[in-house]
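Visitor: Okay, here's what each chain looks like letter by letter:
Number of protein chains: 2
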Amino acid sequence: MTQQARSGRGRGRPSSPILTRERVSQAAIRIVTEQGYRHLTMASLARELGVAASALYNHVASKRDVLVLIQDRINEQIDCSAFDTEPWEQALGQWARSYRRCFMEHTALIPVMAVLPVADSPQTLRMYERVTLALRDAGIVGADAVDIIVGVEALVFGAAYDASAPTDIFDPGGLEDLAPTFTRFSAQRSADPRAAADRAFELALEALISGLRQKYAG
Amino acid sequence: MTQQARSGRGRGRPSSPILTRERVSQAAIRIVTEQGYRHLTMASLARELGVAASALYNHVASKRDVLVLIQDRINEQIDCSAFDTEPWEQALGQWARSYRRCFMEHTALIPVMAVLPVADSPQTLRMYERVTLALRDAGIVGADAVDIIVGVEALVFGAAYDASAPTDIFDPGGLEDLAPTFTRFSAQRSADPRAAADRAFELALEALISGLRQKYAG
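Protein chains in written order, with our numbering: chain A, 1 to 218; chain B, 1001 to 1218.
Since the hints were made in silico from the structure, they are not lab data.
Take these hints with a grain of salt, some might be off.
[What the hints assert, rightly or not] Label-pair distances were calculated between CB atoms; the ranges are:
(1) A:D168 with B:G1174: 44 to 54 angstroms
(2) A:D177 with B:A1187: 52 to 62 angstroms
(3) A:A217 with B:A1187: 21 to 31 angstroms
(4) A:P166 with B:E1034: 21 to 31 angstroms
Even for Gly, the Cβ is constructed at its ideal location relative to N, Cα and C.
Only chain A is shown next, with the shape it has when bound in the complex:
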């Protein structure tokens, strides 16, 4: 909020681009994706934005602030609306699908986001609260509710990687004799790697949710 209020500042100096939370987080995502996480520093971020480091510090105080900004920005794109209209099992599935789609475009961020504390990220907390309330209304409370969120997220993060796997990921090369059955079954998957990844994710997600329903229904 303060950051947004401050973003009008540069107006007197049109040569320096106006910083917004949106621009800062986009530039940070670009650095992580193109150069790797270790290259994200306040200095590299200021360079990427074409501003002085001092201007950047008016918006974010530290690298940790930048990460929370990214987390908040990505998580607000995850669609939780099904929890308002669908039974929890269906809603959990819709949420997981939307979650995966968001991170498929940002796999470079997964190692960071998977372990980033939620403090100071309002969108992340709102999302978790929405899922938690749906589970609670279905009688799933305490550590179990949080563990279900963590478990679904784990599947989502892993599956987001798989969606960017190359077509030949299961081609045994010259070693087919070591895995003849696996190779034959792999050849029966879709030739489109994205479609193959979608199918594997759906199979696992549906099994996971079906197992949860079995455990908690009655």
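Let chain A serve as the given structure and place chain B on it in line with the hints.
Guide: Structure of chain B alone, referenced to chain A:
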């Protein structure tokens, strides 16, 4: 094999350490873990090993070769033995647990290993064939068998990250009002982050396998 046969070469020059596939893959894992994937090059690997690049090229021809070496070395540590003694559902769980333990120590490798083709990695192919045969014997064939492997791996990779999450990952900081129920339920998890992560993984893994059993039994 040729690499191992060649590893006796340096013997005339004791000042240059003898290269083995083991040493090469360990040094490569160290670079990825400590410096990041982008810093793994044939030049940096030779430096890390304290040998001339030409000596390294006697063992591995390219970065891709190095990655396959790492993949092979890690995957041979994953325990598939339960498939010889247990029903497929139990064995799949044991395999997933061992798989997660291996990658918990090597989360930096997940983004690379999750999308690396299996060609030229005998241990990876042997592992996949072992799991596939157990599923086939249970009547699960074709794309489904491979999708189950992919789905379990996705959960395993995501859960490996979660095992290194900090204690305060779900501490809302000053924003507790945005997620009161989530915060209350989170406080009921184990205070030991590793134990909390184990519990979430077990809950998801058991639900996933229970869902698979339901789908494929009869």
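Visitor: Indicate whether the distance between the beta carbons of D168 (chain A) and G1174 (chain B) respects the range 44 to 54 angstroms.
Guide: The hint (44 to 54 angstroms, Cβ to Cβ) holds, given that D168 (chain A) and G1174 (chain B) are roughly 49 angstroms apart.
Visitor: Range hint 21 to 31 angstroms: satisfied by the CB atoms of A217 (chain A) and A1187 (chain B)?
Guide: holds (26 angstroms)
Visitor: Note whether the CB distance of D177 (chain A) and A1187 (chain B) lies within 52 to 62 angstroms or breaks it.
Guide: Cβ of D177 (chain A) to Cβ of A1187 (chain B): about 54 angstroms, so the range 52 to 62 angstroms holds.
Visitor: Assuming the hint says 21 to 31 angstroms, is it satisfied by the Cβ distance from P166 (chain A) to E1034 (chain B) or not?
Guide: holds (27 angstroms)
Comparing the model with each numbered hint stated earlier shows that all of them hold.
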